Amino acid sequence: MVTRVFIGGAAGFAGDRTDAAGPLVEALSKADGPRFLMFETLAERTLALSQLERRRDPSRGYNPSLDRFVAPVLARCLAEQIRIVGNFGAANPRAAALRIQVIAREQGLRSPRIAVVEGDDLTGVLSAQELAARETGGALLRGASDIVAANAYLGAKPIAEALDAGADIVVTGRVVDSALALGPLAHAFRWRWDDWDRLAAGTLAGHLLECGAQITGGYFADPGVKDVPGLAEVGYPLAEIEANGAIVIGKPDGTGGRVDRQTVIEQILYEIHDPAAYLVPDVVLDLSDVTVEEIGANRVRIVGARGHPAPATLKATVCVDAGVLGEVEISYAGPNAAARARLAAEVIRDRFARRAPDFKFRVDAVGVTSILADDDGALRGPWAGGNDVRLRFAARGAKPDDVRMLLDEVEGLYCAGPAGGAGVRRHVTPRLASASCLIERRFAKPSISMIEAPG
Amino acid sequence: MKRVKLRDLVNARAGDKGNRLNLAVVCRDPRDYAAVALALTAERVAQVFAARKPTKVVRYDLPKLAAFNFVLDDVLEGGVNSSLGLDGHGKSLSFLLLDAEIEVAAPK
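Chains A and B are the protein sequences, given in the same order.
In terms of the working numbering, the first sequence opens at residue 227 and continues consecutively.
In terms of the working numbering, the second sequence opens at residue 244 and continues consecutively.
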């Protein structure tokens, strides 16, 4: 009987470090029990960007770093029976699985059994109007015609079933992040799908692993207040889960970072709304009675997750085109820099007041006041101090032409603005907006298929 | 009573969902929990973020973790998909909170 399962959290977002998995695989290979390596690489908009890539090239649309995540550890994982579970399939899990088969062949490895979980894509299942009718907390989709991506969050069951069927690797698109851990746990421990407290514990384990280093000292360090040793080589989390749902979070030997009460509690509450009701497809997780205990150096035990029956509906994220963001920057440095930057901002405001009074834009003075400010400038203090100021202007538009005047006007400060204006950079970035919908479960039927090596 | 910077007593971590910000606040010393609970009300947090015009601020208490979860609605200027600011996620906003002061009972 399985008493303990080991899961390494090797990635927490699409752009995460690709060398984090190495030390985890090293540690997992010594672990006594079923072991899994989990990659969470799919934020809200990441999937829509992948969908756009798939439209351009039907063989793409999976995480662009897939090779760099998987190739360095594939041989060791297959040899040590460390099974890989990742949502790096993004908009095209099937193509990602084929790509992994190619990597295996290039490395002279046996052909892995790769399961693909599909069924999250709602385009072709629900129309734009039907999605709009199910939108919660907004009306972004009302009247929208071009849906870039619409995906339901699938749960852990198809992942567990794929592992039951013997998959070495499970590739998914949109699943709830924590399912990447709950799936392996439900598979290894044979947890029942109405054993709510255990499903809740598995969900908590996944929640603690899904942001990679955020539980081991990343997004935490504050010198002199919250010091983190060896942050440059921070270890990614390694979880040991017992059959009763108790979790121990640690990290590989020889890595930097820290795991203690403080790092763990910050991550328990990360991106949580009501701690008594964290909704995922398989269960409602209640954190009210969770406790943490430091049981050794860089080892924290977490118990007390409680579960309630799974919600009736599934959440879906729907992305639509949202025009462009135009940004343009110019610097002022040395004596009186803040005053010259302020004059530059006033010149731009003046010129727009006469030429395009309805055009809205935002001004930041990086080095004086910027990211804690707001669009109206209400939080902005006096423009005092700061002898190295980066002035930034930003505006939105439906198309690039709508923001061009702002970019041109700021560039014009080179010759016609205050003294010493330097280093203009201009960017126009396409944007996607996302809406949340609640959909009936019958619209998102998960399916599992095994992808063999291409002939 | 004495005024202290929140930063001296608690850790904080920001997270986002759309235009909603959550701030996890963790007492570095669990013995400070009651004092922080008394001073760091939802109203006090709403005051700190007044310039961002929150439409709702809710505090959830987690006494077993000596922690609180604050949820602030509509403070991210549209959130990461539509904010004009550099920090659409609001990741820096935990430090706006940590810079605020609260009144706590003077140490015995």
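Hints in this document: simulated from the structure, not taken from any laboratory.
There's no promise every hint is true.
Unchecked claim - With a straight-line cut-off of 27 Å between C-alpha atoms, the simulated DSSO-like cross-links for lysine-lysine are:
1) 260/B <-> 586/A
2) 541/A <-> 334/B
3) 671/A <-> 260/B
4) 452/A <-> 307/B
5) 248/B <-> 541/A
6) 299/B <-> 625/A
7) 307/B <-> 586/A
8) 296/B <-> 452/A
Stated by the list, open to error - Partial chain B-side listing against chain A, Cβ under 7 Å, derived:
9) 248
10) 298
11) 314
12) 349
Just so it is clear, the structure is predicted and the values come from calculations on it, not from any experiment.
Virtual Cβ for every residue (Gly too), placed ideally from N, Cα, C.
Item to complete: May I ask which of the numbered hints given earlier this structure violates, with the numbers listed in increasing order?
Response: Those not satisfied are hints 5, 6, 7, 8, 9, 10 and 12.
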